[in-house]
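Peer 1: Spelled out from the first residue to the last, the chains are:
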Amino acid sequence: MTFEIVSFVVLAVATVATAIGVIAFKNAIHSALSLILTLLFLALFYLQLQAMFIAVVQILIYAGAIMVLFLFVVTMLASDQDELALRNQIPWQRMVGGLLGLILVAALSYLLFTGAQVTGTTASHAESLKQAITTYQGDTQAFGMALFHGFLFPFEVTSLLIVVAILGALVFGRRTN
Amino acid sequence: MFDFMNNPTVALIVATVVKGALLIVILLTAFAYMTLIERRVVAKIQGRLGPNRAGPMGLFQPVADALKMMFKEQMIPSQARAGIYVLAPVISVVVALCAFAVVPIGNNWSANSGVHSIWDPFIGDINVGLLWILSISSLSVYGIVLGGWSSGNRYSLLGALRSAAQMVSYETSLGLALSGVLMWAGSLSMVTIVHRQLDMGIWYICAQPLGFVIYIIAAVAEVNRAPFDLPEAEQELTAGYLTEYAGLRWSLFQMAEYINMITVSAVASTLFFGGWSLFGLTDGIPILSIVIFMIKVAFFLFLFIWLRATLPRIRYDRLMRFGWQVLLPLAALNIVITACTVALGGDRFWWISGVAGLLVVVVMLFAIRRQGILEGTHFSEVETGKPVLPHSVRLVTYEQEPELEQDEDSAPSVSQPPLARNSNTVQV
Amino acid sequence: MSTPANIGYLYAGILVAAGFVFVILATTVSGLLSPHNPTKEKLQTYESGETPIGSAWVQYPLGFYIYALLFVAFDVDIVFVISWAVIFKQLSIFGFCEIVFFIVVLAIGLLYAWRKGVTRWI
Chain A
1 MTFEIVSFVV
11 LAVATVATAI
21 GVIAFKNAIH
31 SALSLILTLL
41 FLALFYLQLQ
51 AMFIAVVQIL
61 IYAGAIMVLF
71 LFVVTMLASD
81 QDELALRNQI
91 PWQRMVGGLL
101 GLILVAALSY
111 LLFTGAQVTG
121 TTASHAESLK
131 QAITTYQGDT
141 QAFGMALFHG
151 FLFPFEVTSL
161 LIVVAILGAL
171 VFGRRTN
Chain B
1 MFDFMNNPTV
11 ALIVATVVKG
21 ALLIVILLTA
31 FAYMTLIERR
41 VVAKIQGRLG
51 PNRAGPMGLF
61 QPVADALKMM
71 FKEQMIPSQA
81 RAGIYVLAPV
91 ISVVVALCAF
101 AVVPIGNNWS
111 ANSGVHSIWD
121 PFIGDINVGL
131 LWILSISSLS
141 VYGIVLGGWS
151 SGNRYSLLGA
161 LRSAAQMVSY
171 ETSLGLALSG
181 VLMWAGSLSM
191 VTIVHRQLDM
201 GIWYICAQPL
211 GFVIYIIAAV
221 AEVNRAPFDL
231 PEAEQELTAG
241 YLTEYAGLRW
251 SLFQMAEYIN
261 MITVSAVAST
271 LFFGGWSLFG
281 LTDGIPILSI
291 VIFMIKVAFF
301 LFLFIWLRAT
311 LPRIRYDRLM
321 RFGWQVLLPL
331 AALNIVITAC
341 TVALGGDRFW
351 WISGVAGLLV
361 VVVMLFAIRR
371 QGILEGTHFS
381 EVETGKPVLP
391 HSVRLVTYEQ
401 EPELEQDEDS
411 APSVSQPPLA
421 RNSNTVQV
Chain C
1 MSTPANIGYL
11 YAGILVAAGF
21 VFVILATTVS
31 GLLSPHNPTK
41 EKLQTYESGE
51 TPIGSAWVQY
61 PLGFYIYALL
71 FVAFDVDIVF
81 VISWAVIFKQ
91 LSIFGFCEIV
101 FFIVVLAIGL
111 LYAWRKGVTR
121 WI
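Protein chains in written order, with the UniProt record's numbering: chain A, 1 to 177; chain B, 1 to 428; chain C, 1 to 122.
If you are wondering where the hints come from, they were derived from the structure by calculation, not from laboratory data.
Note that beta-carbon positions come from the ideal geometry of N, C-alpha and C, so glycine has one too.
Do not take every clue at face value.
[What the hints assert, rightly or not] Each computed BS3-like pair below joins lysine-lysine, with the alpha-carbon atoms no more than 30 Å apart:
(1) B:68 to C:40
(2) B:44 to B:68
(3) B:72 to C:89
[Said to hold, decoys possible] Label-pair restraints from in silico Cβ distances:
(4) A:153 to B:287: 37 to 45 Å
(5) C:33 to A:99: 55 to 63 Å
(6) B:17 to A:149: 40 to 48 Å
(7) A:103 to B:368: 53 to 61 Å
(8) B:285 to A:5: 41 to 49 Å
(9) B:201 to C:58: 57 to 65 Å
(10) C:42 to A:168: 18 to 26 Å
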């Protein structure tokens, strides 16, 4: 128990620190690296919750694919622009950003302190997931079972979403080349 | 004296640390001798001698190379971003070492799949093993991109971007090709996959020839080896992302490349060639299973060297087109074939997908051959109708003067001497 | 500690730590052994003998970026296909229909794009 608490605190501090780094660094590459670290730490959180599959997928998709995209953007644009970074592009952006951040913090802490109740369909899905994990040893199998039995329609809609994304990238690619 | 080993948690940690250290030592030794073997084999194929002076048959050459690397100056180019420049090779090596953790090197010491010991010859049998390898190896892009970017050299940056684009392109085919195996095995754990092959009585290569061919092609591209070693194309890019690296940091990058090669070979022999098993020969003797596994891995490593000595490098735009337009649809086809076979009747009908896969491979080979003859070596046509190289092959985007652009760009490809491609980039 | 997930945590931690220790050790030893004598010419960017003009950080063709964009979409695909593949035997014919629908939707989309000539740049 103590091990879990200690590692949670260490991880939490590290995650928050790297997340602050994302917005605090003036060099875009350093920000991107900081974001990669944040995502890796998030994967460690999942590991701590014993969700091996989600942890690995977090690394595969977020740290492995999306961040490569980010890094590409940063490296391909002329990046000797450290001095540009501090200029405000949109008026009021800091104020609006701060306001939205405050709302987020307020909402999260409201949920945290009132102890949100999981009810309705979400609860039954969570229950079926729990059963799947005990039935099939291994969380990939459990995830698959839950996905292909409980969430069939969202899954098929996702395939449409992916097609749209691919088509968008292809069209974009033809424009640029 | 060893009382603390009675505590299972402590014993587990100690065992994992010892096995991890042992694994690193083994991988590094394998890396060192791979460089020697590669140079010797390539030399033999080309009718040369290769390094044979240090010790009998040149056996001490890796030691000499390592010592030389230790004594080389570690400099940081004045244009480079020092922090990331130093960090990039470290990321490469650490990521490469991590990926190997889930590969079973041999059978359980008890030779009984039900009885486990903390000293079994694999670091971790986690139930998402294969996804672990995929996700960790997708991180290896960072070492290359950051190394190329921080060098402050155009060759480096372009080489890094090429390499990264190539790796992500072939990773899709790699992942899809592996899902055919997963359909038969029903598990992501590498240990379980080997046992399923034993239960079924065949190696998955028999049921998945198409998946294997796609995997091995994608794997060669994934580890940036010839004929897909575009990032290191000397004639175009000097040494790609390695251009500004020297001494120890350079050899760290090389180390990462070779360790990735070993991992890829180990995954190939585990998934498609039954891992440590050999027709029941290793049933009683666990130590023999380790030897068998090493022989299988050595075969794939030799295949990598052989490919390098035999095949010329592919042009970059063709490489990308091959990945997206040929390999990816074939991987999807492989999934459909396998799904049909498994749905038809499970394990008994493995030969259907085997025969169908072989057929597809043969047809693919003929089609590629035919296309090569028809297409010749013309440049790809763009919509203007003028023959020019695609953007991905050009060094920088020119603002104006398309005439000049065309001349400058096509020059390097045309003037490539046919015999000049034997690289010396692996001499450590 | 005996649950699988925590063990995985341990492997990751130990291997990353061991890798870092090895690399730092090697670099330090080499740093102590090797000479340190930088000159202006030695530290200059290598462009095959030419004196480099300007910075290397200019804008590069955006084509590379598109590949990464495509990769993200296909990577999500891979995760779905893999999580389906491991339980395919248990899903039986029902799962077969699901994935066929999934792949057919994908194939129709890509075929349409191919017919329209959008993929010609790859």
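Peer 1: State for each hint whether it applies.
Peer 2: Consistency of the hints with the structure:
no. : hint                       : result
1   : B:68 to C:40               : holds (24 Å)
2   : B:44 to B:68               : holds (25 Å)
3   : B:72 to C:89               : violated (56 Å)
4   : A:153 to B:287: 37 to 45 Å : violated (53 Å)
5   : C:33 to A:99: 55 to 63 Å   : holds (57 Å)
6   : B:17 to A:149: 40 to 48 Å  : holds (41 Å)
7   : A:103 to B:368: 53 to 61 Å : holds (58 Å)
8   : B:285 to A:5: 41 to 49 Å   : holds (46 Å)
9   : B:201 to C:58: 57 to 65 Å  : holds (59 Å)
10  : C:42 to A:168: 18 to 26 Å  : violated (47 Å)
When each numbered hint is compared with the structure, violations occur for hints 3, 4, 10.
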